[in-house]
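All chains, please: the whole structure from these sequences, using the hints.
Here the protein sequences come in this chain order: A and B.
The first sequence runs contiguously to residue 459 in this note's numbering.
The second sequence runs contiguously to residue 297 in this note's numbering.
A couple of the hints might just be wrong.
In silico contact screen, one side only, chain A against chain B (beta carbon under 8 Å); selected entries [stated by the list, open to error]: (1) 74; (2) 121; (3) 122; (4) 128; (5) 131; (6) 232; (7) 374; (8) 381; (9) 382; (10) 386; (11) 431.
The hints are simulated quantities; they were obtained by calculation from the structure and are not laboratory data.
Backbone N, C-alpha and C define an ideal beta-carbon position, used for all residues, glycine too.
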Amino acid sequence: MSSLSSSLWIAAGALQATEGALDVTSNNIANASTPGYSREQAVMTEQGAIQEGNLTYGQGVNLQQIQSIRDQVLSFQIALETQQQGSTQAQSSALQQVQGLFSSSTQGIGADFSAFFNSVSQLSTNPTSVPNRQAVLNAAQTLSGDFNQAATNLDSITSGLNQTVTQTVTQINGLTQQIAQLNGQVGTLQNEGKDPGVLLDQENQLISQLSQLTNVSEIQSGNGLTLTTGNGSPLVVGNQSFALQTSTNSSGNTSILSQGQDITSAISGGTLGGTIQVRDTVIPNVSSQLNNLASQFAASINSAQTSGYDLNGNKGAALFSVTPGAGAAASLKVAISDPSLIAASSDGTSGSNGNVANLLAVQNTALPGGATPGDTYTNLVAQVGNLTAQAQAENTASSSSLTQLNDQLGAISGVSIDEETTNLVNYQRDYEAAARVVTTVDALTQSVLQMGESAPTAP
Amino acid sequence: MRVNPNFAPDILNDVFQSQAQEQTDLQELSTGRRVNLPSDNPTAFAADVQNQAEQSQTDQYLTNTTNLEGLFQTADSTMSSVVSALNQAISLGTEGSNGTLTLAQQQALAQQVQGIQSQMLQYANTSYEGSYIFGGTETTKPPFVADVTQVAGVSYQGNAGVNQVEIANGRSIQTNLPGSQIFLGSGGNVMASLQQLVNALSSGNTSAIGTATTAISASLNYVSTQRVFYGSALDQMNSNQSYLQTEEVNLQTQDSGLVAADMTAVATDLSQATTTHDAALAALAKVIPNSLLNYLQ
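Put into structure tokens, the structure is as follows:
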């Protein structure tokens, strides 16, 4: 039956629901700039009705649920794109360091080759001149010094990348621990049929950070979320996290272990994937090309040396010493210090320059690698440039598609101050109106009570 | 339709992009190069490295050419002195063979020819930058020494070797004639014919003087043809120099095409980037404080 008191209860319910909705709005506004926050919505429903004769009375409003607005599919895509972005970012920054070794067209190994052959050519105009011979030795020393420097720099870039790997693994382990903890709580809430809201936001945010670091696969299963990296090595299963370990392998690089198994080559995304890609593929490739160039060039010059005679009429000795193989560029040294030992002569007479032609021929003859020393170096520079440009382009592309995805997600989950302000004003009016109902019912109740007290006196 | 309410990151992104463009343009303007790193344009950068190598090689060819020019000039002027000394010897020989001179006068002439002989020895031992130029590839000791046991009055200590120097890509030039070929040639033996004249004048044998003078004339002709070698080498140096200089200009032009910045375009680009940057900043400033709250009191 309708009554004043039922109106009062409906108004009280409205006040409560509106307070709840104001809470939600206030929380949204408070978190407007919180990264990873998904806006919440107060879901209001009609309270059940009462049937009385022909009349149906509504029973007011009910704040049924506070719902987070999110899109799991988009979040998943963002995580994937973040892995790509993290990887290309790491590759691009590592490659820029490598490119630094080849970034001058007038200095470095390429220019050293020219300077060396020029000094030999200069020697041919006066083969007995000691200053000319000294100039050849100096140019050879600069060349071998720059080879050594390039090898050292590649090594130090590699060791920098190893540090990145170690630090990244530490970060990954910290994140997976936090995610496992949250995952347990989220699972409990979801089993109870509740919206894990804030916890899920935090978890998504952490997964997004994790995606920046390595490739992550998400699987939703009975016992909550499972995260794996590499080719399915577990990071988080339910409320349990699995830490990655690092160890130093035979070549001195840091490898990544999961449950005691080496998964280094399976890591494909994020900072870790990009770093490993450059460290294990690009740098060894550049370094082996440098090593081949150093040892093949040294061998060609040495063989030209031995086909001639030095200033004293003795058979020419090796100009360079080199240990062929992995350490060639680092080991390239000038083997002689006496300028008279340069074998310019082809017949043993001091004034002959007949062997200079053999030395100079190295400049225009293909090494066993297939190109002349200068061209071999130029190819290497072009390769490094291409790889760097490619990584930069991929990074730009994946950054911009990440921006787009984030825009899409923002359109769904982002807090709009305008929207919240509108809601705020609405709820304010609702609250004021409900309060007015309470005062009105109160006044009416007063009137009802006064009805029995005294009959109205005639004026 | 709901749009992403937080568009500040997007605009910020634009601000960063226009800022990066400004930096790139400024770098291009200050270096004058469009390609500063291999990744800017790998192909152009690699071609630039190659081009620099070719330029530096061309520079070296120019240096070689200049060095050789000095050598050839020395050799050519020596040859010219040889020719005039031989002419002088011929006139002495002609004077000695005219039949009116006394033996004493002929012997005086013989002494003059001996003077020419020692001059000739000096010419044959000419050096350039510390190396004897007529000793074949034996350049560290004097190629000719006086030796009375020899018919020519000298013995040759050099060899018959010749040197080649590269003066352009794939182009080498012979840089010397062995002294034995110039001064002791079978087509005209300078040293021997002079000795022959000295002997003839000393003995006063008029017909022998005539024969010796004819032999010197033959040597003169022969040496003159040998001199052509140095003369033409000098000409080649001159033409090679202008060839290399043209080549250098070509290479520099090519290089500019590869890596040089188009200043006008870059300057225009820069002012565009600055405008974009300003616009993005203005948008950011205008949009951030805007919300419904501004209109509610």
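Going down the list of hints, with the structure as the test:
no.	hint	result
1	74	12 Å, violated
2	121	5 Å, holds
3	122	6 Å, holds
4	128	6 Å, holds
5	131	10 Å, violated
6	232	34 Å, violated
7	374	5 Å, holds
8	381	5 Å, holds
9	382	4 Å, holds
10	386	4 Å, holds
11	431	16 Å, violated
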